[in-house]
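Engineer: Protein chains in written order, with our numbering: chain Z, 685 to 789; chain S, 10 to 180.
There's no promise every hint is true.
Here are the simulated distance ranges between beta carbons [said to hold, decoys possible]:
#1 S:Leu82 to Z:Ser688: 39 to 49 angstroms
#2 Z:Glu783 to S:Phe119: 25 to 35 angstroms
#3 S:Ala129 to Z:Glu783: 49 to 59 angstroms
#4 S:Leu20 to Z:Leu687: 11 to 21 angstroms
If the Cβ cut is set under 10 angstroms, some of the chain S residues that face chain Z in the computed set are [unchecked claim]:
#5 Leu14
#6 Leu157
#7 Val165
Worth flagging that the hints you see were computed from the coordinates, not collected in a lab.
Glycine residues also receive a C-beta, built at the ideal position from the N, C-alpha and C atoms.
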Amino acid sequence: MSLSPLQLCLLFSSALFCVGLVGALSRSNTILVLLGVELMLNAANLNFIAFWRFSPSPSPATGVMFVIFSIAVAAAEAAVGLALVIAIYRHQKNIRLQEANRLKG
Amino acid sequence: MILPLVIIALLTIAVAAIAMTLRNLIHSALLLIGSWAGIAAFYFWAGAEFAAFAQVLVYVGAVSMVVLFAVLLTRRSRADLEVAPDAIGRGLGAMLAGGAVLGVLFGAVFATRLDVAPTAAPTASVRAIGQQLMGAHAASLLVVGVILTVALLGAVVIASTDREGGKEDAR
Numbered sequence: 685m686s687l688s689p690l691q692l693c694l695l696f697s698s699a700l701f702c703v704g705l706v707g708a709l710s711r712s713n714t715i716l717v718l719l720g721v722e723l724m725l726n727a728a729n730l731n732f733i734a735f736w737r738f739s740p741s742p743s744p745a746t747g748v749m750f751v752i753f754s755i756a757v758a759a760a761e762a763a764v765g766l767a768l769v770i771a772i773y774r775h776q777k778n779i780r781l782q783e784a785n786r787l788k789g
Numbered sequence: 010m011i012l013p014l015v016i017i018a019l020l021t022i023a024v025a026a027i028a029m030t031l032r033n034l035i036h037s038a039l040l041l042i043g044s045w046a047g048i049a050a051f052y053f054w055a056g057a058e059f060a061a062f063a064q065v066l067v068y069v070g071a072v073s074m075v076v077l078f079a080v081l082l083t084r085r086s087r088a089d090l091e092v093a094p095d096a097i098g099r100g101l102g103a104m105l106a107g108g109a110v111l112g113v114l115f116g117a118v119f120a121t122r123l124d125v126a127p128t129a130a131p132t133a134s135v136r137a138i139g140q141q142l143m144g145a146h147a148a149s150l151l152v153v154g155v156i157l158t159v160a161l162l163g164a165v166v167i168a169s170t171d172r173e174g175g176k177e178d179a180r
């Protein structure tokens, strides 16, 4: 069977999402978990661009708009996440997720 | 037209997968930055130059620097860069969960008829994007600006709060 380019794009983003998912679930280093989540976010952005490129859209810039706003929110999320990593490090002197099990420091 | 997509996809996925299995934290971070660059290349391929530039500026430029700073700030010696081996059971569980999700997604993509008519690439010039941002999406743009401001201020507060001795001195 022959795959359309849109299907290839969707397969690409699915695979990337799953790589990020496995990384986020399996690693115990907080920074790597955060990077896995970022990878999943990027895979979602890929879908926006793929559907914008390969399907008729009412407005010519819709997909790009979605991706720009999504990237902006992801940047805010990354900043807060890494600040949390540094806060955890100051509390327990390492960033292993298994040891970050107290709500009150 | 298909071949560049396949090359970009395979390279990006391979780089990301290697990054998620490496032991060295710096190497993982650098490889993930490489995979973000691959995603920017995909945006270029799809004709979304503005999104590609945004991806390069925000991810390859800014987020990567923040990640590298976090890596360097949260270690005490060179040995800390080597991540200790993770639990086998958790790794297997993660692979199982990821494989299940991958199977469901691939099955859905293969089972869906997506043969849309090959449309010409929509063109989104920078002028059109700017007019959309300042016109139809002006309110969203303001909200995103507020979100970014609040998030960055909150990040500073979270990272600078010191609770030594039970009191916070950065408030």
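Engineer: Any CB of chain Z closer than 10 angstroms to the CB of Leu14 of chain S?
Structural biologist: holds (6 angstroms)
Engineer: The hint says 25 to 35 angstroms between Glu783 of chain Z and Phe119 of chain S; measuring C-beta to C-beta, is that right?
Structural biologist: violated (42 angstroms)
Engineer: Please check whether Leu20 of chain S and Leu687 of chain Z have a Cβ separation lying inside 11 to 21 angstroms.
Structural biologist: With Cβ atoms ~18 angstroms apart, the hint holds.
Engineer: Look at the Cβ atoms of Leu82 of chain S and Ser688 of chain Z and judge whether their distance stays inside 39 to 49 angstroms.
Structural biologist: The hint (39 to 49 angstroms, Cβ to Cβ) holds, given that Leu82 of chain S and Ser688 of chain Z are roughly 46 angstroms apart.
Engineer: Lying within 49 to 59 angstroms: is that true of the beta-carbon distance Ala129 of chain S to Glu783 of chain Z?
Structural biologist: Since Ala129 of chain S and Glu783 of chain Z have Cβ atoms about 55 angstroms apart, the given range 49 to 59 angstroms holds.
Engineer: Close enough to count: is the Cβ of Leu157 of chain S nearer than 10 angstroms to one in chain Z?
Structural biologist: With a closest approach of 5 angstroms, the Leu157 of chain S hint holds.
Engineer: Hint Val165 of chain S vs chain Z: min CB-CB distance below 10 angstroms?
Structural biologist: At about 7 angstroms, which falls below the 10 angstroms cut-off, the nearest Cβ of chain Z leaves the hint on Val165 of chain S intact, so it holds.
Hint 2 from the list above is the single one not met by this structure.
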